[in-house]
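Please work from the sequences and hints to get the whole structure.
Here are the chains, one letter per residue:
Number of protein chains: 2
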Amino acid sequence: MTYCVGLKIDRGLVFMSDTRTNAGIDSISTFRKMHVWEKPGERVVVLMSAGNLATTQNVISLLNGRAKPLEQRSAAVLDTPSMYQTARLIGETVREVIRDSAPTGQRADSYFNASFILGGQIRGSVPRLFMIYPEGNFIESTDDTPFFQVGETKYGKPIIVRTYDREMSFAESVKLLMVSFDSTLKSNLSVGLPLDLLYYGKDEFRVGVQRRIAQDDPYYRTVSEGWSDALKNAFKSLPDFPEA
Amino acid sequence: MTYCVGLKIDRGLVFMSDTRTNAGIDSISTFRKMHVWEKPGERVVVLMSAGNLATTQNVISLLNGRAKPLEQRSAAVLDTPSMYQTARLIGETVREVIRDSAPTGQRADSYFNASFILGGQIRGSVPRLFMIYPEGNFIESTDDTPFFQVGETKYGKPIIVRTYDREMSFAESVKLLMVSFDSTLKSNLSVGLPLDLLYYGKDEFRVGVQRRIAQDDPYYRTVSEGWSDALKNAFKSLPDFPEA
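Chains as they are written, first to last, in our numbering: chain A, 9 to 252; chain B, 9 to 252.
These are computed hints drawn from the structure, not numbers from a lab.
Note that the structure is predicted; figures quoted are calculated from it, not measured.
Idealized CB from N, CA, C, for every residue including glycine.
It is possible that part of the hints are untrue.
[As the list claims (entries may be wrong)] These stretches of chain A come out as covered by chain B in the derived footprint (C-beta under 8 Å, 3 or more residues): (1) 81 to 94; (2) 231 to 238.
[Unchecked claim] Short, incomplete list of chain A residues facing chain B, as computed with Cβ under 10 Å: (3) T161; (4) P166; (5) K194; (6) R214; (7) N241; (8) F249.
Structure below.
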């Protein structure tokens with residue numbers, strides 16, 4: 009499994025993904041699920057993937073132009089005129105890869121499934137955030153739904169629903185994602201450290217901070233340990249059931 | 009979907025279940041998922057169900073002896089010599105109902121699936137808590153795993169994992185389940201109010217409190233509204249990401 013979240017706030021975009029992949033409980037590996045393309049001053053494109061690793065790696069390879077001879081290679085996502093066109097390009101690539109994997113011609117065969125969160129900004133437009141389905145179609149975030157999750161989404165959703173605020177700072181939004189990931193990590197073995205973090209400030213057209221967060225990261229430890237205590241105190245602050 | 013939790017604490021057993029059933033998103037009904045059999049002074053047996061409603065209702069009917077003529081009816085769960093035998097009886101009934109529903113002879117056909125949480129105490133033994141699978145087999149809670157959930161379990165699990173304490177009071181444990189249910193209700197439409205609550209005090213051999221909790225229940229409202237604020241405060245109490 010996997011857990012990835014993309015969050016749109018007024019100040020920009022925040023992304024976090026785990027790195028665990030598993031083929032059965034006894035075959036666990038670490039793979040980066042966050043991919044970044046940057047043309048400083050012009051665009052930043054971030055793509056996070058969940059699902060079949062062969063599918064997602066193949067999609068990334070095709071997007072990087074690895075199917076072409078070395079001298080002709082360029083990342084197609086650096087040439088699209090808009091984020092919408094970027095989402096279309098990725099959707100078509102996903103559809104193509106899944107179709108080619110499934111000899112029966114099924115287009116959303118669950119064995120080869122993959123979902124993606126795409127975010128970024130291209131000069132001339134605002135930051136945009138998309139969720140791309142295995143069928144190749146996609147949806148865009150709106151003010152009503154300012155975040156997307158893929159993978160093992162349920163454990164970490166309640167805290168986002170309750171504390172997200174579009175005006176929050178990057179420092180707060182990273183804290184929110186850390187708590188959401190920590191709740192998921194504590195509940196599901198198929199999501200694992202290290203985490204990849206990236207945030208992008210609106211109209212900056214370059215990556216803000218990109219960091220890998222490992223088990224011994226002091227901030228992660230502070231949040232993980234602090235959140236248990238903070239939750240217990242929050243719980244204590246509510247009145248007990250009066251009829252017991 | 010459904011959400012049910014059974015919790016074993018030193019003082020006894022606590023049960024909570026929602027009441028929403030749905031056949032598709034446009035066919036929603038309210039059904040009790042908590043069933044109680046009591047022989048005051050001798051035994052209390054509580055059964056909560058998740059899954060196909062035709063299956064779970066049929067299991068309850070058979071357990072109540074409704075297959076027999078009126079004058080011979082008695083609830084078989086009131087005659088078993090131990091909770092273990094009660095779990096076996098229910099497991100066999102589940103297997104029988106699912107087998108009879110599936111003309112192909114499949115025993116765990118997902119269309120007719122159902123899972124159960126069984127808890128109670130029979131004089132001469134301690135309170136016991138079981139989880140019964142659609143295949144008819146079952147597991148019993150231990151000190152390491154003092155609670156069982158069935159249905160839409162993920163949203164409400166982190167808070168139980170972090171705040172459960174076997175020495176907690178009934179008043180605290182009801183609060184814990186209210187928070188867990190509220191997180192689930194806020195995230196998934198297939199789980200709905202009203203809730204059924206029951207707790208049973210060790211060695212009392214009669215139902216402690218049994219209550220239906222509706223939308224306008226003042227304690228539920230206090231917890232639901234208070235938890236949002238308490239979570240936000242807990243979140244604020246953690247340090248923000250220092251590198252942003």
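Which numbered hints turn out to be false for this structure?
The structure conflicts with hints 1, 6, although it agrees with all the remaining ones.
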